[in-house]
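Undergrad: Next come the chains, spelled out residue by residue.
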Amino acid sequence: MEHWLVPPLKVAIEAGTPLLLASLGELYTERSGVLNLGIEGMMLMGALSGFIVALITGNPWLGLLSAMIVGGLMGALHAFVCISLHANQVISGLALSMLGVGLSGFIGKRFVGIPLKATFGVSPIPLLNKIPILGSILFEHNVIVYISYILAIILWLILHRTKMGIMIKAVGENPAAADAAGVDVYKVRYVCTIFGGVMAGAAGAYLSLAHIPMWVENMTAGRGWIAVAIVVFATWDPLRALLGSYLFGGVEALQYWLQPWGIDPSLLGTLPYIATILVLVIIGSSKRLRRAMSAPSALCKPYIREEKVV
Amino acid sequence: MTKSGGIIIKYTALTVILLIITAVATWTLAPGKERIVKVPVLKGEPVAKLAESALALSKRLGIEFDIPKTPEGDINATQLLLNLIPLIDKASEIIPPKIKAAFIYVGPIGDYGWTHGHDTGRRIVDEKFPWLETVYAESVSEADCYRYIERFIKQGCNLIFTTSFGFMDPTLKAAKEYPNIIFFHCSGYKRWKNMGTYFAEFYQLYYLNGLMAGALTKTGKVGYVGAHPIPEVVRHINAFALGVKEVNPDAKVYVRWIFAWYDPVKAKEAAEALIAEGVDVIAFTEDSPTIVGVCQDYFKKGRPVYTFSHYSPMYKYGPDVVVSGQLVHWEKIYEDIVIKVYLGVYNKTNLENVDYWWMLREGAVELGAEYGMPINPKFEPILKEKYVEDPILGKISVYDLVMIRLKQMSEEVPTFDPFTGPIYDQEGKLRAKPGERLGHYALWTMDWFVDNIVGTIPKPGG
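Protein chains in written order, with my numbering: chain V, 6 to 315; chain E, 125 to 586.
Bear in mind the hints are in silico, worked out from the structure with no lab data behind them.
Small disclaimer: the values here were computed from a predicted structure and weren't measured.
One or more hints might be untrue.
Stated by the list, open to error - Quick look at which bits of chain E chain V covers, simulated, 3 or more residues with Cβ under 8 angstroms:
#: 1; segment: 229-237
#: 2; segment: 406-415
#: 3; segment: 570-581
C-beta: ideal position from N, C-alpha, C; glycine also.
Just need the whole structure built from these sequences, with the hints factored in.
TA: And the structure:
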């Protein structure tokens, strides 16, 4: 018999993975100075396209790939509007969210109620899953969960240990200075925004190909917004995003464990947002923390390159 | 190249794209180009035939009719057409008016649950009756309901169906405002002289599912994932629990609420929580096949958890785990309503007491994992091997018990009802005396749980 801790923690990871994927992408986007509020819509479009392609080809990997492409394309659209056209990032992001919700609902109508055979099933990692307790919590999931572990670590390393990471952070903090230092601000922002879209698409595909293998309208149910909150909660750090995702995923999943004790689920549902606000308050209250952990200074500010006088 | 050169190119490209879009839009949206049409001279055989048909019709309608001739003796086609007008008017008076029915849905028609069920009903009656035309609006919020009703009336609809409890007051308001339109509201209790109500009720089927669940559970723990803690769902959980109790008096029914009609992810999480607690049969009220998928996954993992179809046939999502279920046939109700409106049985003055509360007897609901499959054949042997002692029927297999109860509840005057006393609630209070059948009001306002249920009914605001 498994330890009593195993099922709830396992579920927390399962429910946290789409949040993790989406928030890792959003984190990079915001680090480069672009706010993307279109995550919800990108996740939905990813979920739908992943589902359709997996249904037609019978291959979940192709589904995942197409979800990433669709997410990336939407990210590219956001990038074009915000970076090249200097449009308001909030408005563009909200528009993309609404577009994604509406369009996926419209296109997806014909795909509702079709069972999907090609899914990412549970594939335990041999040996590792024999570790007592931790083994079954961490290593009895589908492949995307394992990929997300590795991605979180790699993305942390890139951000904090490589030149590329410094470039991204510089662009998000002070694009003019980065530009002067020879960094192509537009290129970095484009890449990060498209990457954010790709990750959101993958998060959507996780929902429709692994978590609940089917297409249902609006199946993300607000996860895109929680992902945006997680980025703030994690103070723009990939490993803290990992923690935040499992925490928020766990809060959501565990309400049914706690229900018999009379704990109100709608109250639990507000916890991620309350936690995020608390983090903001804590950061705001200390100068030292503010310097180390606050939002990228150039977030939401379009960068318009000054003309060089030759 | 200088930087400004790049910007010029960019904006030129943008302008060109915008121009192309504008041009395409103008071209496709513009009204049709004027064409010079040559009017053919009307003569010859077609005209003669038209004259003949008109003459025949005039005889049937009993109107005098002459075929107009030109001085040359040909048929005067123009005059012939003009003479047709009184014929057509008279004919359209005699032919019954068409019904144009509007359906206003609260959810998307693709939800595979509530709205999907209503829309399936709509499509069936739409195809069946040539005199019926239907239109619908999906994902309508309560606040928008009234405006949609007005819009449909402007479009010429004379029969309006609103299919959500929350549409009750807007529908009533519209019924008072538009006394010549006929309204039907699903799942509410307010009626008016031109507004009736209807509902397809499931509790008999939940009871039958409960019988099977009680026979199938090995752990003695049966689960139920509930949508909202309202009387309708409470009634269904109680009916289910009564079924479980009849076959397996020691088994308990564990309830989890998800506070949503449609939320696949919450449904999955609630089901997982129940399974972690040791539940091995789950019934649910949630409008997607998610829980069936969860159970099928557990079956594959070697830990079978059984479940039931809800609203739509979900057998294909879990052929190894779907035992039976409750399916809806809204078309039975819609058919009855539109025919009676068409024939004038229902009109704008006599709907105040028209309330459909249709169940097995009327065929509005069906027991089944799939249409036409009351019990998944895979489970027949197990259910036939499990015996119970019934005070009237004696020693009987669960399979036979289900079939007999199904027959009893489908009779013209149902000879069995699950809510027959003695029924005790969780506090041990006697809710139905031995032999007493709970009435419509008690079922409609139910806010207590039967004694073998573990869980609470959250009170609003608490």
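Undergrad: Take the segment 406-415 of chain E, compare each residue's beta carbon with every beta carbon of chain V, and decide whether three or more fall closer than 8 angstroms.
TA: holds (count 3)
Undergrad: Three residues or more, CB to CB closer than 8 angstroms: is that satisfied between the segment 229-237 of chain E and chain V?
TA: Answer holds; 5 residues pass the 8 angstroms Cβ test.
Undergrad: Go check the segment 570-581 of chain E versus chain V for me, would you? Three or more residues, Cβ under 8 angstroms, otherwise it fails.
TA: With 3 residues close enough to chain V, the hint holds.
Hint violations for this structure: none, all hints satisfied.
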